[in-house]
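Protein chains in written order, with my numbering: chain Z, 1 to 426; chain P, 1 to 156.
Since the hints were derived computationally from the structure, they do not count as laboratory data. Bear in mind the structure is a predicted one, so any value in this text is a computation, not a measurement. Keep in mind that a hint or two might mislead.
Chain P stretches covered by chain Z per the calculated footprint, using a threshold of three residues with CB under 8 Å from any CB of chain Z [to be verified]:
hint: 1; stretch: 10 to 16
hint: 2; stretch: 29 to 42
hint: 3; stretch: 90 to 97
hint: 4; stretch: 141 to 148
C-beta atoms are modelled at their ideal positions from N, C-alpha and C, and glycine is treated no differently.
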Amino acid sequence: MIEIENALSKLVEHAPAPPPVARVRARSRRRRRRRVAASAILVVAVGGSIAAAYKTTRPPSAVVTTEPPASIISLYGTGFSITTPGYSLSEPRFDATVQTTKAPFAGPPTVTATTEPLPTPIPNAPRYQTADRHELYAANTSVGQPVLAGQWDNWTVEITVDGLSPSQQARLASLVRFRDHDGYLVVDPLAPLHTVPATGTEVAFDGLSIDNSSYPSGCPMNPTNLRTAQGFPVERIGTKAIWCDPHARARIELQPPVPVDTMIEQLRVQVTRATTSSPTTSGSTPVSTSTPTPNTTSVTTVPTSTPAPAPTPAVTIGHWTGREPVAIYFSADAGDIATNLTWSHWSADSALATGTWHYLNCRPNCASGASTPYPVTISLSQPAGGKFTKLVEQTSGPHGFTMTFTAPQLGQGACANQNNISCTFS
Amino acid sequence: VDADEFEAWYRDEYGRVFASVLVVCGDRSLAADVTDEAFVRAFERWPRVRAMRSPTGWTFAVARNLVRRSRRRAARERLAAPAPELVAPEIDFAIWDAVRSLPKRERELVALRYVAGLTEPEIGSALGLAVGTVSRGLHDARTRLERLLTPEKDAS
Numbered sequence: 001m002i003e004i005e006n007a008l009s010k011l012v013e014h015a016p017a018p019p020p021v022a023r024v025r026a027r028s029r030r031r032r033r034r035r036v037a038a039s040a041i042l043v044v045a046v047g048g049s050i051a052a053a054y055k056t057t058r059p060p061s062a063v064v065t066t067e068p069p070a071s072i073i074s075l076y077g078t079g080f081s082i083t084t085p086g087y088s089l090s091e092p093r094f095d096a097t098v099q100t101t102k103a104p105f106a107g108p109p110t111v112t113a114t115t116e117p118l119p120t121p122i123p124n125a126p127r128y129q130t131a132d133r134h135e136l137y138a139a140n141t142s143v144g145q146p147v148l149a150g151q152w153d154n155w156t157v158e159i160t161v162d163g164l165s166p167s168q169q170a171r172l173a174s175l176v177r178f179r180d181h182d183g184y185l186v187v188d189p190l191a192p193l194h195t196v197p198a199t200g201t202e203v204a205f206d207g208l209s210i211d212n213s214s215y216p217s218g219c220p221m222n223p224t225n226l227r228t229a230q231g232f233p234v235e236r237i238g239t240k241a242i243w244c245d246p247h248a249r250a251r252i253e254l255q256p257p258v259p260v261d262t263m264i265e266q267l268r269v270q271v272t273r274a275t276t277s278s279p280t281t282s283g284s285t286p287v288s289t290s291t292p293t294p295n296t297t298s299v300t301t302v303p304t305s306t307p308a309p310a311p312t313p314a315v316t317i318g319h320w321t322g323r324e325p326v327a328i329y330f331s332a333d334a335g336d337i338a339t340n341l342t343w344s345h346w347s348a349d350s351a352l353a354t355g356t357w358h359y360l361n362c363r364p365n366c367a368s369g370a371s372t373p374y375p376v377t378i379s380l381s382q383p384a385g386g387k388f389t390k391l392v393e394q395t396s397g398p399h400g401f402t403m404t405f406t407a408p409q410l411g412q413g414a415c416a417n418q419n420n421i422s423c424t425f426s
Numbered sequence: 001v002d003a004d005e006f007e008a009w010y011r012d013e014y015g016r017v018f019a020s021v022l023v024v025c026g027d028r029s030l031a032a033d034v035t036d037e038a039f040v041r042a043f044e045r046w047p048r049v050r051a052m053r054s055p056t057g058w059t060f061a062v063a064r065n066l067v068r069r070s071r072r073r074a075a076r077e078r079l080a081a082p083a084p085e086l087v088a089p090e091i092d093f094a095i096w097d098a099v100r101s102l103p104k105r106e107r108e109l110v111a112l113r114y115v116a117g118l119t120e121p122e123i124g125s126a127l128g129l130a131v132g133t134v135s136r137g138l139h140d141a142r143t144r145l146e147r148l149l150t151p152e153k154d155a156s
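The whole structure should be built from the sequences, with the hints applied where relevant.
Here it is in structure tokens:
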């Protein structure tokens, strides 16, 4: 055995010299750029249903959910990057990023999920509660990037927070929900992160777009041997990869900055019907195993002669009247606001939402005190004259309370979308 | 401090990881590629990697996975394996051939123990194996190597 050891040690002696460490750094920078830019997937849509998943033993998947006959609603607000767990797997992998077209923050945060150990918290840094009642804390990555980090089952999740103020970090934390589903880490942004694009491409991300306007005429005419994980033949035009999903009647385009065939070979994009249940129930969000259903993306296939159902009651809050507000202001200042509201149902006799309520500790004063998010439930009832007349706000956390409001004063104001564009107050 | 520490470790361990990977994959060019890539990944995670029981073992495990990935691609592209005599000309071909003929797991254990110089607990940590499994695997590998390298006595 000594003879063998001596022989094998010659391999070390004759090993090539290590490349200069500067080359390691340069290669790392290139990898990082590729990881952010070349990636793909996720997400979307109506009814708040969204799931992006990566499983340790399977290729990454994307679920794109649409709800006929409604317009396609695309997620916006955050970017998601899902890197594969550690480097202990033998499966090919890539990093997935979705950067959507509208971001409420200066730069879309990137969510990285790994199975590596949690980073060390920054001493005395704030901790934030997430929508799913996990905790995120401030930390720095190995390259010094500020992140919020937390643990979900076996997953370590890091969210970049470059340039985000503490209040934005708290808001960001309050938006995210993660869960482990069958080995996948499923990212479930809350429903209010939605917008309705006008026309054209129905779902557009940085690098991935899906539309049905050019299906099937725009499907690959000159496919290569490259196929997606679902077996769809891919056409390459420059770096762009195009394929069609005949089940979903969708044309899918992926445009990484460089050809990334391995990534495309592992990419799954599924277009499915939205669930009607609330995405706030963790088990109700569709995951990548959803069965694609045909014809879910075509608005034109909906019979226009179908009689519209009787309208459900609206609600008037301050000077705002509408349905399913995403934020409600109960006080004139920022003392009592319910945000990120997700409506699990809105029927003829009642409506129910969950969201986030921020407790302000007012230390040293309310203007500069810390804000801690807690879950809040909003229920509407007692419809009269086409409007709900009773609102119950039930907050949680150590300072939680329940307040009942009756018409005409159900609150000071409300917003119809997450960017507070259409907020109206008394 | 981190950067200096990484650089010192990188210079010390590069050859060991390269040689260990070479034993496992039997392809000098591939071993160099995946070793380079593995050290890039170690660099990116250095604060965490340095805290591991065996940073070298972790880097080897990364490289080994990259080898597997590359092998699948090569299988798809039907790439030919390099000629054995070009892989490790510095050592006796019979020894090289014997080590290469070991089952994959035993080859990994031999590489980490006798090339990278890791202890059995460090190997267990790097490969996710119990120390007992490592010990048994190394024992089996040694027995197999001795049998392979001992001239058979002619029964006649």
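Structure-based check of all given hints:
1. 10 to 16: Per the Cβ count (5), the hint holds.
2. 29 to 42: holds (count 7)
3. 90 to 97: holds (count 5)
4. 141 to 148: Result for this restraint: holds, n = 3.
Of the numbered hints given earlier, the model fails none.
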